[in-house]
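Residue numbers (our numbering): 25 to 220.
For the record, the hints were derived by calculation from the structure and aren't laboratory data.
Note that the Cβ used here is the ideal one computed from N, Cα and C, for glycine as well.
A few of these clues could be false.
Below, a list of computed lysine-lysine pairs in the DSBU-like style, where the Cα atoms sit at most 35 angstroms apart [unchecked claim]:
| id | residue 1 | residue 2 |
| --- | --- | --- |
| 1 | K33 | K160 |
| 2 | K33 | K93 |
| 3 | K160 | K101 |
| 4 | K101 | K86 |
| 5 | K83 | K102 |
| 6 | K160 | K102 |
| 7 | K102 | K120 |
| 8 | K93 | K120 |
| 9 | K88 | K160 |
| 10 | K86 | K120 |
| 11 | K101 | K83 |
| 12 | K88 | K101 |
| 13 | K160 | K207 |
| 14 | K86 | K160 |
| 15 | K83 | K93 |
| 16 | K88 | K102 |
| 17 | K160 | K120 |
| 18 | K120 | K101 |
| 19 | K120 | K88 |
| 20 | K33 | K83 |
Label-pair restraints from in silico Cβ distances [stated by the list, open to error]:
| id | residue 1 | residue 2 | range |
| --- | --- | --- | --- |
| 21 | L119 | E180 | 17 to 25 angstroms |
| 22 | E116 | E146 | 46 to 54 angstroms |
| 23 | P174 | R144 | 30 to 38 angstroms |
| 24 | R143 | V91 | 35 to 43 angstroms |
| 25 | H111 | V179 | 49 to 57 angstroms |
| 26 | L201 | K86 | 42 to 50 angstroms |
| 27 | S109 | R144 | 49 to 57 angstroms |
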Amino acid sequence: MTAKPHSLKRDLTDAELLVLGLVVEMPRHGYELEHVIEQRGMREWTQIGFSSIYFVLGKLEKAKLIVAKVPAGAKAKKIYSASASGHDALHEQTLKVLRDVRPTYSSVLLGMAHWPAMRRDEALDALQARHSTLEKEHRRLEGVLSVQQPLPDFVEALFDNTISQLQAELEWVERTLHRMTSKTKSSNKRKNDGKD
């Protein structure tokens, strides 16, 4: 009889999946997790703050995906290791996130939805500022990628995904600025022509 694969009652959050994966690699304590996250540049492609690491560890422990080894001394740190369920959950959830498409929504869409609440010139200035910020971030990430070479192919793919998303948003902002400025100029020209 084949063993039934482990099935979670819910999907893991990105932070939970990240921390679980690092604990599956090898037993770690919270500060060590922070160090690995920082050292590997994981904050370039996922959001997890230092303060949330222990919160996530608590959730994973409560779900019985990891177990904590009680420290021997007063100053010793609690070491977390993955349970058999944790290994199964990591495998299941990793395949799921690789396979499934989950929509993500940028806050810029809220800005566009509330465009009428703004003066057009200040909204266009804000989009122009976004464009500049995206360009700087694009250059910064490409720099980070080049200094960390050689990287394993899957790590390079992580950076490539983020850089590609930045590039796509840069192109979208450029098209949007062009379209919106063209309409502004066209509208101003019609107004001025009507005054003659």
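Structure-based check of all given hints:
1. K33 <-> K160: Roughly 41 angstroms between the alpha carbons, so the hint for K33 and K160 is violated.
2. K33 <-> K93: 25 angstroms, holds
3. K160 <-> K101: 39 angstroms, violated
4. K101 <-> K86: Measuring from Cα to Cα gives roughly 18 angstroms; hence the hint holds.
5. K83 <-> K102: Within the cut-off at roughly 15 angstroms; holds.
6. K160 <-> K102: Status violated; Cα separation ~40 angstroms.
7. K102 <-> K120: Answer holds: K102 to K120 is near 30 angstroms, not above 35 angstroms.
8. K93 <-> K120: 30 angstroms, holds
9. K88 <-> K160: 42 angstroms, violated
10. K86 <-> K120: 22 angstroms, holds
11. K101 <-> K83: Measuring from Cα to Cα gives roughly 18 angstroms; hence the hint holds.
12. K88 <-> K101: 19 angstroms, holds
13. K160 <-> K207: 27 angstroms, holds
14. K86 <-> K160: Distance of about 41 angstroms is beyond 35 angstroms: violated.
15. K83 <-> K93: 16 angstroms, holds
16. K88 <-> K102: Judged against 35 angstroms, a Cα distance of about 16 angstroms means the pair holds.
17. K160 <-> K120: Holds, at about 33 angstroms.
18. K120 <-> K101: Within the cut-off at roughly 33 angstroms; holds.
19. K120 <-> K88: 20 angstroms, holds
20. K33 <-> K83: 14 angstroms, holds
21. L119 <-> E180: 17 to 25 angstroms: 21 angstroms, holds
22. E116 <-> E146: 46 to 54 angstroms: At roughly 48 angstroms between Cβ atoms, E146 and E116 fall inside 46 to 54 angstroms, so the hint holds.
23. P174 <-> R144: 30 to 38 angstroms: Since P174 and R144 have Cβ atoms about 48 angstroms apart, the given range 30 to 38 angstroms is violated.
24. R143 <-> V91: 35 to 43 angstroms: 57 angstroms, violated
25. H111 <-> V179: 49 to 57 angstroms: For V179 against H111, whose Cβ atoms are near 22 angstroms apart, the range 49 to 57 angstroms is violated.
26. L201 <-> K86: 42 to 50 angstroms: 48 angstroms, holds
27. S109 <-> R144: 49 to 57 angstroms: At 55 angstroms between Cβs, range holds.
When each numbered hint is compared with the structure, violations occur for hints 1, 3, 6, 9, 14, 23, 24, 25.
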